[in-house]
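**Q** Sequence order for the protein chains is A and B. First residue of the first sequence? That's 64 in the numbering used here, and the numbers climb one at a time after it. First residue of the second sequence? That's 64 in the numbering used here, and the numbers climb one at a time after it.
In short, the hints are calculated from the structure, not lab data. Take the hints with a grain of salt, since some may be wrong.
Where chains are identical, the list cannot tell them apart; a pair therefore holds if satisfied intra-copy or between any two copies.
[Stated by the list, open to error] With a Cα cut of at most 16 Å, we get these calculated EDC-like pairs of lysine to aspartate or glutamate:
1) Lys385 with Glu167
2) Lys205 with Glu258
3) Lys385 with Glu163
4) Lys244 with Glu330
5) Lys124 with Glu66
6) Lys385 with Glu166
7) Lys229 with Glu277
8) Lys386 with Glu163
9) Lys124 with Glu93
10) Lys385 with Asp369
11) Lys229 with Asp272
12) Lys278 with Asp291
13) Lys229 with Glu299
14) Lys244 with Glu257
15) Lys229 with Glu301
Protein chains: 2
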Amino acid sequence: MREPIRIGIAGYGNLGRGVEKAVAQCPDLELTAVFTRRPPDQIQSRAQVVPVEKSKDYRDKIDVMILCGSSSNDLPEQGPFFAAQFNTVDSFDLHARIPEYFEEIDAAARDGGNLSLISTGWDPGLFSLARVLFSSILPTGKTYTFWGEGVSQGHSVAVRRLPGVKQAVQYTVPVPETVEKIRQGETPVLTPREEHFRICYVVPEPGADRDAIEKAIKTMPGYFADYDTTVHFITEEEFAANHTGMPHGGFVITTGTTGGGYRQQAEFRLKLENNPEFTGSVLAACARAVYRLHREGKTGACTVLDIPIGYLSPESPAELRKKML
Amino acid sequence: MREPIRIGIAGYGNLGRGVEKAVAQCPDLELTAVFTRRPPDQIQSRAQVVPVEKSKDYRDKIDVMILCGSSSNDLPEQGPFFAAQFNTVDSFDLHARIPEYFEEIDAAARDGGNLSLISTGWDPGLFSLARVLFSSILPTGKTYTFWGEGVSQGHSVAVRRLPGVKQAVQYTVPVPETVEKIRQGETPVLTPREEHFRICYVVPEPGADRDAIEKAIKTMPGYFADYDTTVHFITEEEFAANHTGMPHGGFVITTGTTGGGYRQQAEFRLKLENNPEFTGSVLAACARAVYRLHREGKTGACTVLDIPIGYLSPESPAELRKKML
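Please take these sequences and the hints and turn them into a complete structure.
**A** Right, here's the structure in full:
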């Protein structure tokens, strides 16, 4: 058997732990170390835990560094920092800033002779693959992306910041009637309200004004104002029992008409009991591809759109042709 | 605008006509000529129609030749013949013989300095991509492929060959109870009978023995013996009215468990009103990728597993990052 690919994890929140679990399921990958800005003794990993400042000592001990920091706070700085030293994989997901982030990572990775795969996971990532694949095959088609039913971290945080809110979670849910129409082959133009609705479970502070909280949520611009939102007030016990999971999912669907007037439909769907563990599994598979492409001489920044799918698999091209084609 | 990619079509049955319609929907592709072994005046194409023997005169007029012959009768000979002269795309679908076919095409294409993408379409092709993608991300997962509801040409032909059968069509249908179980996250071991059932519509010759036909179908080894099959006898009029379409589809579904014990599910589904037109659209998009990869210096045989998904799109990598990621 070949030597395993040596993986580093930078950042050890939910996603970092998800990557660690994913790597443990892959015999061809091996976790070398976790890099953190926290005091290392606070990290419960089975791997070696190393302060970020010492990462340069690991340049010849790690084949691919998987960056698990947040897109808003960590990656804009950590991405270029690590890309200059290591091959990297990250899940940068601020869609509007991806082109700019790509350029920064591309420059850093080229300088270091490394390869960096940015913005992977399931969206951006697998859903991006589906959008490009479907629209390339059905150029007359209309493509929709729906998210949920699942927890949106951004919306949950927005609710938790409101005065009088002790704890909260927000579920995004596709509107069933709309989904049904689209699966039947219709291609409507949709408002945000017709695509998704939002459900919030809120634990209020004692004595908080519930009507004021509900109103503040439902009218919050950018987050809730354009959607139908339901707010449920619950106890801390109910919250702890039923709302601490991280399920998510969604689907990309394209309906197009080919030359003879026939409707053709393609759909890619995910149903995830745990979002960070699944995202971690995508990042681990992508690390395999980055390792191989770098060995073939590729450097700079890339995305899942630039990677042959076979490179994600531990099996050889000949095995894949025989068993999977 | 760049010069369009010049496409040739070799073989002008249902698939060849599907490719012609697909190319007409893509402004960056241009159909140069259709190559045929039939008398050219029998072909109703809007493009130039050329006898196969004259294909060598078109070596510098065609960028990619799309091979639309049958896998059993035409491609084993035509594949290597064209791969030596042109970049090619084909839909060779005899799964067990793919490794051997790959080697033959690889040798011919390398000799000619060309690139040949074999065995594309939706299965093998898009479904292969889904199988490799899902099993790479969820290595503990179990992957199922279901076909239908749709017309199986092979099974329809097998029924039409029986004595007393004037016309026939066979629909393959996934067993709904099984599909429901799998979508709920179960991962059963299945017999063929638990996966699909088969429905035949048969127009008998006048005076034919219907019981004998039904028995011959239901007991036919390799085709029907391992499945539950329903046989309906219908009139020629009913056949012409309801059973001359070529719908198909199906799905690839994987359920796996990540390290924390969470079930994660991915599904890729197609619902096609016309199978050859959709397959033709896949082949056309693949021709775009072959053209680009050949320009980058790649030669020999390859499959969809070797191609970055972004190469299937008419848009540039920067545009795709901005709009689709």
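**Q** Check the structure against each numbered hint from earlier and tell me which ones fail, lowest number first.
**A** The structure conflicts with no hint, since it agrees with every one listed earlier.
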